[in-house]
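Novice: Since each chain sits alone in its own frame, please combine them into the complex, following the hints.
From first to last, the protein sequence lines stand for chains E and W.
Take 264 as the starting number for the first sequence in this note's numbering and just add one per residue.
Take 56 as the starting number for the second sequence in this note's numbering and just add one per residue.
Simulated from the structure, these hints should not be mistaken for lab results.
C-beta atoms are modelled at their ideal positions from N, C-alpha and C, and glycine is treated no differently.
Take these hints with a grain of salt, some might be off.
Claimed, not checked - Under the rule of at most 16 Å between Cα atoms (straight-line distance), these lysine to aspartate or glutamate pairs were calculated in the EDC-like manner:
1. W:Lys89 <-> E:Asp384
2. E:Lys306 <-> W:Asp236
3. E:Lys403 <-> W:Asp236
4. E:Lys425 <-> E:Asp487
5. E:Lys427 <-> E:Asp389
6. E:Lys403 <-> E:Asp389
7. W:Lys335 <-> E:Asp319
As the list claims (entries may be wrong) - Facing chain E, a subset of chain W residues (Cβ under 10 Å, in silico):
8. Arg85
9. Lys89
10. Leu103
11. Leu107
12. Leu161
13. Lys164
14. Phe167
15. Ala244
Listed below are the residues making up each chain.
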Amino acid sequence: MTTTVSVERSDQRLATAPARPAVSISHLSKSFRIPREQAHTLKERVLHPLRFRQYDVLRAVQDVTVDIAPGEFFGIVGRNGSGKSTLLKCLAGIYAVDDGQLAVHGRLSPFIELGVGFNMDLEARDNVIINAIMLGLTRKQARERFDDIIAFAELEEFTELKLKNYSSGMLVRLAFATAIQVDAEILLIDEVLAVGDAAFQQKCFDEFGRLRAAGRTILFVTHDMGAVQRFCDRAMLLERGRVVDIGEASLIAREYNRINFERTTSDGGAGATATPSPTPQLAEVLNARFESADREPVLTANQGDRCYVRMEVRFLAPIDDPVFSISLENESGNVAFATSTNVHQASTGHFEPGVTASARIAFENWLAPGRYRLIATVAREGWGDDAYDVHTTSSIVVLADRPGGGLADLPSEIEINRS
Amino acid sequence: MTTQAARSYGPSALGEGGRRFTELALTMARTEFKLRYFGSVLGYVWSLVRPLLFFTVLYLFFTKVVKLGHGVPHYGLYLLTNIVLWAFLAEATGNAVNCLVVREGLLRKVRFPRMVIPLSVSLTATFNLAMNFVTVIVFALASGIFPSVSWLELIAVAVGFIVLGSGIGMLLSALYVRFRDVAPIWEVALQVWFYGSPVMYFANAYRHFGHVFQQIAMVNPTATLLTQASHALIGGHEYPSAAARAYGIGPVLGAIAVIIFIFALGWWFFVHEAPRVAEKL
Numbered sequence: 264m265t266t267t268v269s270v271e272r273s274d275q276r277l278a279t280a281p282a283r284p285a286v287s288i289s290h291l292s293k294s295f296r297i298p299r300e301q302a303h304t305l306k307e308r309v310l311h312p313l314r315f316r317q318y319d320v321l322r323a324v325q326d327v328t329v330d331i332a333p334g335e336f337f338g339i340v341g342r343n344g345s346g347k348s349t350l351l352k353c354l355a356g357i358y359a360v361d362d363g364q365l366a367v368h369g370r371l372s373p374f375i376e377l378g379v380g381f382n383m384d385l386e387a388r389d390n391v392i393i394n395a396i397m398l399g400l401t402r403k404q405a406r407e408r409f410d411d412i413i414a415f416a417e418l419e420e421f422t423e424l425k426l427k428n429y430s431s432g433m434l435v436r437l438a439f440a441t442a443i444q445v446d447a448e449i450l451l452i453d454e455v456l457a458v459g460d461a462a463f464q465q466k467c468f469d470e471f472g473r474l475r476a477a478g479r480t481i482l483f484v485t486h487d488m489g490a491v492q493r494f495c496d497r498a499m500l501l502e503r504g505r506v507v508d509i510g511e512a513s514l515i516a517r518e519y520n521r522i523n524f525e526r527t528t529s530d531g532g533a534g535a536t537a538t539p540s541p542t543p544q545l546a547e548v549l550n551a552r553f554e555s556a557d558r559e560p561v562l563t564a565n566q567g568d569r570c571y572v573r574m575e576v577r578f579l580a581p582i583d584d585p586v587f588s589i590s591l592e593n594e595s596g597n598v599a600f601a602t603s604t605n606v607h608q609a610s611t612g613h614f615e616p617g618v619t620a621s622a623r624i625a626f627e628n629w630l631a632p633g634r635y636r637l638i639a640t641v642a643r644e645g646w647g648d649d650a651y652d653v654h655t656t657s658s659i660v661v662l663a664d665r666p667g668g669g670l671a672d673l674p675s676e677i678e679i680n681r682s
Numbered sequence: 056m057t058t059q060a061a062r063s064y065g066p067s068a069l070g071e072g073g074r075r076f077t078e079l080a081l082t083m084a085r086t087e088f089k090l091r092y093f094g095s096v097l098g099y100v101w102s103l104v105r106p107l108l109f110f111t112v113l114y115l116f117f118t119k120v121v122k123l124g125h126g127v128p129h130y131g132l133y134l135l136t137n138i139v140l141w142a143f144l145a146e147a148t149g150n151a152v153n154c155l156v157v158r159e160g161l162l163r164k165v166r167f168p169r170m171v172i173p174l175s176v177s178l179t180a181t182f183n184l185a186m187n188f189v190t191v192i193v194f195a196l197a198s199g200i201f202p203s204v205s206w207l208e209l210i211a212v213a214v215g216f217i218v219l220g221s222g223i224g225m226l227l228s229a230l231y232v233r234f235r236d237v238a239p240i241w242e243v244a245l246q247v248w249f250y251g252s253p254v255m256y257f258a259n260a261y262r263h264f265g266h267v268f269q270q271i272a273m274v275n276p277t278a279t280l281l282t283q284a285s286h287a288l289i290g291g292h293e294y295p296s297a298a299a300r301a302y303g304i305g306p307v308l309g310a311i312a313v314i315i316f317i318f319a320l321g322w323w324f325f326v327h328e329a330p331r332v333a334e335k336l
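Looking at chain W on its own, in the form it has when it is part of the complex (with noise of 0.2 Å):
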């Protein structure tokens, strides 16, 4: 037996019970994860064999014909991390701008925790990772990488950029209800945050910039993020730590500050946003 009053009454981002908030969260990730390999002779096989060729493609491209890198050792490999971390950004911002609008008629019709939506996006984007991390563990192994107890180091790697997607997923999602045109600006945003993050060349690029550009630019989550994925993976004196990058372990705090702030920030906008989020698709 519940008593609820008017106010705390209406819909919510986080409903009444964190049983049902997974299971929805769940539900519907699992859902749409199913629903992107549906009808297909090969069904889940796809989700792992489409990576693999794909990057097998990108590898063979960036190491035999344009021959990026010059010769630094393990570049392809350095290069498929680091599209396989950017391509889950993207995934999970990229889906979660229209995820409440798309979703119109469970929004009017049903009451539940509101924040799942957004968070089933990046679970998603998120199950979609660890298929493609095993694309990137084979090709480890196949580079003759020894496997090594920093690689658990790409857990917390993952984790970050989970938190980060997520944060800015419930941002954008809640903004576009509002203004339609987070859409399009979110995508010339990502494109510029692609070409200013150390996806296809090294963080010490931003040296020609001068020593204390680099520390700034290394503050940029993605950054100190992708720096320390390819240390872990890699490691050795070509691929050194996000500390070692950002001369100081400031940057790197102030990195994960950042992500932090934007989950914050993330949050605290769509649990403001949540009751009326109904009425105002």
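Isolated chain E (complex conformation) (with noise of 0.2 Å):
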């Protein structure tokens, strides 16, 4: 059952422990009745009274334990319908929690969503506003510091424009630019990154840094494992509600795209086996990611340019010519370009267990503009089709000066003869 914490047990607590956490969560769970057959009429209700009693229990979020340091970035992963928002929105208090414990030591942004309260019949310096006073500024506070905001979306020139003039990106900056006005010392982010402009998506991140280098503590949810290696410190992964693990960034996000890619890669094999049998993983992708041609991490990459990816494994058993390959696949989930040691080189060589190996993979970046997910596989010598392991965690914007048609916009030339 729950108990309520007094403001002197928790003063005590910072006594004997300094470093109390910013949020503590203690077996906290938070279920859903769902009616079998939904009564919304009086008339149904009294017409059968029996009827809607009967009801389905969802659990979404079941017995988690957790505490966030202060200044901690702490991600939430999880797949669709693992409980990951039903938890975000009780830490945000807008569901009551059922049972279990929550503890929140600081100023909480009350917002979990960008955006929330735009009217689009008003101009953008009144969406502000308001916007601004939902997230808990005052009217004064709001006033003050429009320019900042507008400033900070580059709208200076929109100001008097109707939000229902504004293109998608243009919103989703807006809503940024105003949801990090707030003074809050803990933020609740859910999957804030989807839109806008790979330059903006930078200015987002280097925010994010900035937000993490003040100090703030940072509860992120989201799919895009790559930010949570990029921005996080430790991570959890939901699982049907129920916590799988809490750790370290990188291995939590290995551990998402195990269970993600579990199916897809026993699938893949001869026989479509049934239950994936716990083989020993005998080699396993440590990181892949994008690069410059010095060796610089990059999110952007421009059209024409040469593009490098490097992935590092490790092998844990003796292995025979391993394939190594990426493929890059575009927004709507289509393979636009795929290469592995096998189209370039037959024999990979004999890798010891415990080596670890580093490939670089350069091609000529002729890609349609927009963004590609990294998928890089270690896999059995072959055609590269049973897969050790398999990393999907990074992805690239590419940039273009002319829009693309195609998967690829391979440097072409028309001629144009008259008959």
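Specialist: See the structure below:
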């Protein structure tokens, strides 16, 4: 049952343990009653008083316990329906908690999504003020910070424009710029970086870095394992409302991929096996990322430039001629480009257990502008079907100065002859 | 630095700060008001001109065409005052019914005191009431009524309506989340209430059903408030006070008690429902 934490007790805790957690969750549970048949009218309820008593209980979050230290960048990952958004809503104080304890030390941002309460019929100025007040600023503060918000969003010329005339990218910029003006010590962020152009995304990442440097505690819910690895100190993996693991961000990202791609890799074999047998892992992809010519990690690439991917693989068993391969998937899930050591060299040689190999793949970037997900695989010799490990956490945004039509923008010439 | 236990941590009706509550309610009401006249050339001028034009039509119709009120002086002004007050009640309660459901996005994404929503609806209606009162005053002066101190009583009447409307609004908005048929039921109930209240007729019409009936009818808060409004504005023996119409102060006190009871009931029910309202939408 829920017990009330008195202020005195928490002060004592402060005295004994100086590093008091910013957010302390213990045995938190939240379930929803889903009626088998929804009765929305009195008539239904009066005519069939018993029918609507039946309901299913959906246990969205079960027995979650975690302490998040002040200044920590904490990721919450999991598949759709794993309970991560419900957990965040409990933290944000939007849902009442069924059971367990929740203690927050510091001012918490009361929002979990950008641009809530934006009204398309009003101008940017009104919307920013309304949104800022919703997020906890006073009207006076909201007015004072308006110029900063607009400057950050780079929308100085559009303040008198109604929001319905904004592009989706402009909306996100405005919303993000407003949200970061809130002086919260603890920020809850639910998948905010899905939209916006590459340059603004970079600005958001920089802003995250700044918030982190300023000692803010950030709880970040996402599917993007690349972002988790880039920003988070620690992460928590949820599956069906329960905690699978809490640990270092890269470990959790790997585990997320394992759970997510278990099915796909086992289905890829000759006879699709129903239950993947827990075979010991023979090799693992430690890391895969895009980098520049001078080996610095990059998030964007210009069309026409040479593009580099580095993947690091650790071998856990003696392996002959493994296949290193990468493929780039665009946002609609089509593979735009794939290559592997099969194409380039027949033999990659022998690797002893404990050896870490690094592969650098270079290619001419003639991809159409857009975002691409990197899938790096190490596989058994052959055609690369039988993967030892798959790594899917990085992505890159290809920038171009002209719009592309297809998957690739190959250098082309057109000659017209009149007969 | 705050420490909050799980039970008190979740969403609530009132939240933790009076300042934030007030700012949110005012901002939401102001936005609603702004959107109403949004896009029109005259903008806010419409909020004054619209009731003025509307009531001029009503006034001319009922005093020159239908000739209701049979020679009672200032019948048109009486009707106008009543319609302005009734319009407030209809707007405040009618808009309150689905106010939580239409703001689902807000309720599901942001923590803020839930009570802000129904109260901002009342507040928007109050802005309109204030605008409409300007029209009433214009008509009163045009009818040759000299301003008097008793006009200040109208403020008390308005407060009565605001408290009543807010109470019903809180009750209906929380009920509507559970039962969607609150909307049609309230539409009918409001109609019945309109014809049961002395809006177009005078409170002494209840006399046809007996002396006691009139006393009971005056316990209806709108009967007492409307009667008192015209007494304050126009006065004279044609427009006696609510207590005079009720043959005693008892029914008037009863009406005040009903207003307080409805407000308390709405408040209690809303506070009770608020923590789970986001889940039940």
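Novice: Need the status of pair Lys89 of chain W, Asp384 of chain E: alpha-carbon distance at most 16 Å?
Specialist: 10 Å, holds
Novice: Given Leu161 of chain W as an interface hint, is its Cβ closer than 10 Å to any Cβ of chain E?
Specialist: With Cβ-Cβ at 5 Å, under 10 Å, it holds.
Novice: For the pair supplied as a hint, Lys425 of chain E and Asp487 of chain E, is the alpha-carbon distance within the 16 Å limit?
Specialist: This hinted pair is violated, its Cα atoms lying about 32 Å apart.
Novice: Per the CB criterion, is Arg85 of chain W less than 10 Å away from chain E?
Specialist: At about 9 Å, which falls below the 10 Å cut-off, the nearest Cβ of chain E leaves the hint on Arg85 of chain W intact, so it holds.
Novice: Should the hint that Leu103 of chain W touches chain E count as held when the rule is a Cβ pair under 10 Å?
Specialist: Given a least distance of 22 Å, the restraint on Leu103 of chain W is violated.
Novice: Lys335 of chain W and Asp319 of chain E were given as a pair; does the straight-line alpha-carbon distance stay at or below 16 Å?
Specialist: 15 Å, holds
Novice: Holds or violated: is the Cβ of Ala244 of chain W closer than 10 Å to a Cβ in chain E?
Specialist: The hint is violated - Ala244 of chain W has no Cβ within 10 Å of chain E, the shortest such distance being about 14 Å.
Novice: Holds or violated: is there a CB of chain E closer than 10 Å to the CB of Lys89 of chain W?
Specialist: At 7 Å from the nearest chain E Cβ, Lys89 of chain W passes the 10 Å test, so the hint holds.
Novice: Minimum Cβ distance from Leu107 of chain W to chain E below 10 Å?
Specialist: 25 Å, violated
Novice: Answer holds if the nearest beta-carbon of chain E is closer than 10 Å to that of Lys164 of chain W; otherwise answer violated.
Specialist: This hint holds: Lys164 of chain W lies near chain E, its Cβ roughly 4 Å from the closest one there, short of 10 Å.
Novice: For the pair we were handed, Lys403 of chain E and Asp236 of chain W, check the Cα-Cα distance against 16 Å.
Specialist: 42 Å, violated
Novice: Please work out if Lys427 of chain E and Asp389 of chain E have their alpha carbons no farther apart than 16 Å.
Specialist: 13 Å, holds
In summary, the structure is inconsistent with hints 3, 4, 10, 11, 15 from the numbered list given earlier, while agreeing with the others.
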